[in-house]
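Chemist: Protein chains in written order, with the numbering used here: chain A, 1 to 524; chain B, 1 to 226.
Errors might be hidden in some of the hints.
[What the hints assert, rightly or not] Listed next, the in silico DSSO-like pairs over lysine-lysine satisfying Cα-Cα at most 30 Å (straight line): (1) Lys223(B) - Lys203(B); (2) Lys155(B) - Lys19(B); (3) Lys107(B) - Lys19(B); (4) Lys512(A) - Lys19(B); (5) Lys107(B) - Lys419(A); (6) Lys203(B) - Lys107(B); (7) Lys331(A) - Lys419(A); (8) Lys419(A) - Lys501(A); (9) Lys155(B) - Lys203(B); (10) Lys19(B) - Lys331(A); (11) Lys203(B) - Lys331(A).
[To be verified] Here are the simulated distance ranges between beta carbons: (12) Ala267(A) - Arg218(B): 47 to 53 Å; (13) Val146(B) - Arg486(A): 44 to 50 Å; (14) Met55(B) - Ala263(A): 35 to 41 Å; (15) Gln345(A) - Gly58(B): 31 to 37 Å; (16) Ser2(B) - Gln345(A): 19 to 25 Å; (17) Asp207(B) - Arg486(A): 40 to 46 Å; (18) Ala267(A) - Ile171(B): 40 to 46 Å; (19) Glu271(A) - Met55(B): 37 to 43 Å; (20) Ile171(B) - Pro448(A): 57 to 63 Å; (21) Arg240(A) - Asp207(B): 53 to 59 Å; (22) Ala263(A) - Ile151(B): 45 to 51 Å; (23) Glu254(A) - Gly148(B): 32 to 38 Å; (24) Gly372(A) - His86(B): 45 to 51 Å.
If you are wondering where the hints come from, they were derived from the structure by calculation, not from laboratory data.
Just so it is clear, the structure is predicted and the values come from calculations on it, not from any experiment.
A virtual CB, placed ideally from N, CA and C, is assigned to each residue, including glycine.
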Amino acid sequence: MSLDGAGTTGVTNGDDTGPSDPTPAASGTTGSLVLPEPGARRRSPVESQLGLRARITLGFTLGALVLSTVIGAATITLTRRSLLAERERRTIERTAENAATLEGQLRNQAVDADLNPVVSDIPAQGPQFLMLRNQPASGEREVRTFFTGDVEEADLPQSLVTRAVWDAKPAVMRIEAGQTLYSAVGIPLPESGGAYFELNAIDDISSAVQSQAIILILVGSVATLAGTALGWWASRRALRPLIMVGEAAGRIAEGHLETRLNAADYAEDPELGPLVSSFNGMVANLQHRIDRDAQFASDVSHELRSPLTTINASVDVLARAADQLPERPRKALDLLESDLVRFTQLVEDLLEISRFDAGAVRLELDEVNLMGLVRRAVSDIADGDLPVVADDALDSELMELDKVRVVRILANFIDNADKYGGGADRVEVVADDHTVAIAVIDSGPGVPPDERELIFERFSRGVQGGRRGAGSGVGLGLALVAEHARLMGGRVEVTDRPDGKEGARFALELPKVPPAAGLRVVEL
Amino acid sequence: MSTRILTVEDDERIRTAVKLALEDEGWEVVEADTGEAAIEAFRSQPTDVVLIDIMLPGVDGFEVCRAVRRQSDVPIIMVTARADTHDVVAGLEAGADDYLTKPFVPKELSARIRALLRRVRSGDSVLHRLRFGDLELIPDEGVVTVAGEPIHLTKTEFRLLVELASSPGRIFSREDLLEQVWGHGYLADSRLVDVHVRRLRTKVEADPGNPRHVLTVRGLGYKLAS
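Bound-form chain A, shown alone (with noise of 0.2 Å):
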């Protein structure tokens, strides 16, 4: 892409794909497999707005155009030499035949006979002219002139006249008179001293050659037709391979890293061969690095199990001894507890963020009365004193809901507002046709607009960092509330409170009808 594509980049990328390729998803990961090339050569407008596949056609199309324009002309041409060649050589035989006829009538004719019988009397398929030639005293060129037919004697022209009667030599014109075009032969008579025309129509072969110019342009129609078509059926068997490197690229973006392109359907293909091979190991190196790190966190996680186990039995026994320590201890053990509490939560939370890492997680669907799951893990998790807000037709809204995943999400907004926010003021359930969002509402500080899509984002320290204080939780919790709800085919998202009070309101927002369960089985 060139330097001035920058701001088009979209479009363009967007069209290149999209007549020819039917995944939506594809087309992004299309655009990123345009690798940018400095210097790269610009494009024309007709390449940047047409897409490749349309271009290709496009140019089949053209070539087939120009291809059966060219042939028909020249077998236009060639029939219409051939045929006029043929005509003239056909007269010209007939011409002198007639004309040695001719000659020998002459010889018994006075010299100043009518001679236009004679002539008459000669079978021809045209006008014929008999010239002689007459010598007068002031030496001007003055001819005798006998015909039949109804061309006129002015409608010779006079190089035929001059050439064939004068200089005494054979010749050819193709000439017009009164709308028709005649093949004009004239042949001298040395004897009589004149020469002998023919004229003969060749109007028919201009019109048989018309007739079959209409025959040619209907053929290079078709030929154009069957061209595009051509064009078409080509350019989706070029672009077949890389409409299917555009699936898989979605198909791996979107987590299915077990993705490959069929590698034996190309393994004769000298071009598209190796693009296969490497395109299938890149995948295979993507996988194999993003499954040695959802390994490497999934084992540190597990190594920490066992030990925790036994220190959280130990600081157990510690503190039914609590009592019995002097008091300095008995702070250090306090302080032992209230981090063990959120060390236990952290390894439970990168073992989940782990799991979802290797995609070894799946949807547990339950139908549940969606009020009384909200009202009960609320009343659970703030002790009874926090209002839930919803529209009593929301009261028999029955959906199927994966219960463990949406309280643990409410758990971490309620905890996310008491931390941060003051507090939460209430939950509150709203749902339209196709969703339901359950939010929380606090009234703390709210979340500014740039970190509103940070805060999701695993351990992102940065934006909350100002405001922890002791007892504040780890960086997990709303990386894992967002993967939650992406896996519940959900979204989340904080903003300011409706009210236009200070505060924010985080929501979970949930599609009525959940995506398929058990999509994502894999055993870890």
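Let chain A serve as the given structure and place chain B on it in line with the hints.
Modeler: Just chain B now, with coordinates in the frame of chain A:
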């Protein structure tokens, strides 16, 4: 005589710490570091609850579970690394009553143990003797007969059956059963209920694939046919 708990765990540190914590609850703790030792210890002395770590070298936790279950209806709690693997279902199928995942806190463990040790609610006059077709229940005596033949249920299976029988025909949601039978919260793993119902059916139903007593109500839960 105090309650005796057998803990099977190959990690000595965990074993010792758990023993200390459980002893603080006033229970007597017997330790075993291998599956073989656990089976031997279970044979040689009366035990009230068995706590088994699934990941054991040699004879694994599932095998210990099955060996204990062959001899006794004593409550078994298994400890797994992860809740979302097939280990949980496999452990429940092997005869475990409940499970915990590491890292657990001792309060949670002792709550589970107490729930499993709870006696079946009795003294309720309605529950003296109940008949459902060929199935007969005497909750106070802990006796269940099918077609006059006494059958053997684990304590948890028995409590599950009694709970369903306390209100024949009523639909119990999985959440209800988790709270009443296991003492769990409403978010607990409903596979506990499903696996136990399946096991109960193999004992009380003539054709477990086509149950006539313990019925599934799709999307809602279970009920006992009245």
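Chemist: Hints first: check each against the structure and report whether it holds.
Modeler: Outcome of the hint check:
no. : hint                              : result
1   : Lys223(B) - Lys203(B)             : holds (16 Å)
2   : Lys155(B) - Lys19(B)              : holds (24 Å)
3   : Lys107(B) - Lys19(B)              : holds (13 Å)
4   : Lys512(A) - Lys19(B)              : violated (48 Å)
5   : Lys107(B) - Lys419(A)             : holds (26 Å)
6   : Lys203(B) - Lys107(B)             : violated (34 Å)
7   : Lys331(A) - Lys419(A)             : holds (23 Å)
8   : Lys419(A) - Lys501(A)             : holds (19 Å)
9   : Lys155(B) - Lys203(B)             : holds (13 Å)
10  : Lys19(B) - Lys331(A)              : holds (25 Å)
11  : Lys203(B) - Lys331(A)             : violated (55 Å)
12  : Ala267(A) - Arg218(B): 47 to 53 Å : holds (50 Å)
13  : Val146(B) - Arg486(A): 44 to 50 Å : holds (49 Å)
14  : Met55(B) - Ala263(A): 35 to 41 Å  : holds (39 Å)
15  : Gln345(A) - Gly58(B): 31 to 37 Å  : holds (34 Å)
16  : Ser2(B) - Gln345(A): 19 to 25 Å   : violated (34 Å)
17  : Asp207(B) - Arg486(A): 40 to 46 Å : holds (43 Å)
18  : Ala267(A) - Ile171(B): 40 to 46 Å : violated (60 Å)
19  : Glu271(A) - Met55(B): 37 to 43 Å  : violated (52 Å)
20  : Ile171(B) - Pro448(A): 57 to 63 Å : violated (50 Å)
21  : Arg240(A) - Asp207(B): 53 to 59 Å : holds (54 Å)
22  : Ala263(A) - Ile151(B): 45 to 51 Å : violated (59 Å)
23  : Glu254(A) - Gly148(B): 32 to 38 Å : violated (60 Å)
24  : Gly372(A) - His86(B): 45 to 51 Å  : violated (31 Å)
The earlier numbered hints that this structure contradicts are 4, 6, 11, 16, 18, 19, 20, 22, 23, 24.
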